[in-house]
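Number of protein chains: 2
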Amino acid sequence: MNYCSVCATPVTKKIPAGDNRLRFVCDSCQTIHYHNPKIVAGCIPEWGDQILLCRRAIEPKSGLWTFPAGFMEIGESTEQAAVRETFEEAQAQVERICLFAVLSLPHIGQAYLVFRGPMHSPDFGIGEESLEVRLFSLAEIPWDQIAFPVVKDALRRYVDDVTRGEFQVHVASLSDRLT
Amino acid sequence: MNYCSVCATPVTKKIPAGDNRLRFVCDSCQTIHYHNPKIVAGCIPEWGDQILLCRRAIEPKSGLWTFPAGFMEIGESTEQAAVRETFEEAQAQVERICLFAVLSLPHIGQAYLVFRGPMHSPDFGIGEESLEVRLFSLAEIPWDQIAFPVVKDALRRYVDDVTRGEFQVHVASLSDRLT
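So the sequence lines, in the order shown, correspond to chains A and B.
Sequence positions in the first sequence follow the working numbering and run 1485 to 1663.
Sequence positions in the second sequence follow the working numbering and run 1485 to 1663.
Heads up, a few of these hints could be off.
Since the list gives no way to pick out one identical chain from another, each pair is judged satisfied if it fits inside one copy or across any two copies.
What the hints assert, rightly or not - Think about it this way: if two alpha-carbon atoms lie no more than 25 Å apart in a straight line, the pair counts; the simulated PhoX-like pairs of lysine-lysine are:
#1 1636 with 1545
#2 1498 with 1522
#3 1636 with 1498
#4 1497 with 1545
#5 1522 with 1497
#6 1636 with 1497
Don't read these hints as lab results, they were simulated from the structure.
Starting from the given sequences, assemble the full structure and let the hints guide the process.
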């Protein structure tokens, strides 16, 4: 950020009165420009004992696998964002999705909200941001070709829960070593 | 947003290639300025059968009651944000906090992540953004003086869970009628 988005004056970095963090502040119109973490909403779509993964067609990590996930938009709920991303990336419809994990990535200002839920039917397709979409049994998950450590972390927790036969809502923070 | 924060050129609202939503776009440097929902992290601090609430000293809803909550910052996890807000607003330390609710407010682009957890000690105080901080039994909650409908919704769910004797993680979306 170089300029105030309200009045185009160059911004300076300072701690506003009553605050304790450096913010971009406009000395002309006094606007404080806050930057906050973004929510990535994702879903592990289930069809029987299988889950649906997508091979990314876009950078970063083009060519590697993930479950459908993307930035939540204003105007939707977290669940709606997860359902939308599942349809956009894998052309699959999920229903009755449950929150599965809240995984913070503090160093890059993201929080993943990962849901899981059954597919409405075995129909799916290749969304614009995907190269390939397919169902995997848990034994087939391509662990060495997963796009992001946070996705791998969520999938490991998922496999553990399925193995143990009980789902919980996981809340964790991943250090920069892992992302 | 009137001007590009990168190069100070006036922005226009358009749907970028490969996108399906209106964004602020700079026609000079081509930056797309995304606006995404913000996370409000909060905590219901527990001391025995009581919970700690704060009377807001700032607008909006100055003078009304809430549990500690505020915007998550880059560089922290959702739990750390909830713990920080609890200390800033109520000078109380909470430990072993659990996720209690994920409540989306689509129309204002916010998602509340509400935790609950025991206070480390009965010590608390009046933070800068509070007029008054006190412990309430669940029967004493000032329902007609709660700052925001989303806070009231979370507290109602909390009281229901305590009454039923079992906590769950609530995921819901609140319409604009309720916020």
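Starting from the hint list further up, note which numbers the structure goes against and sort them upward. 3, 4, 6
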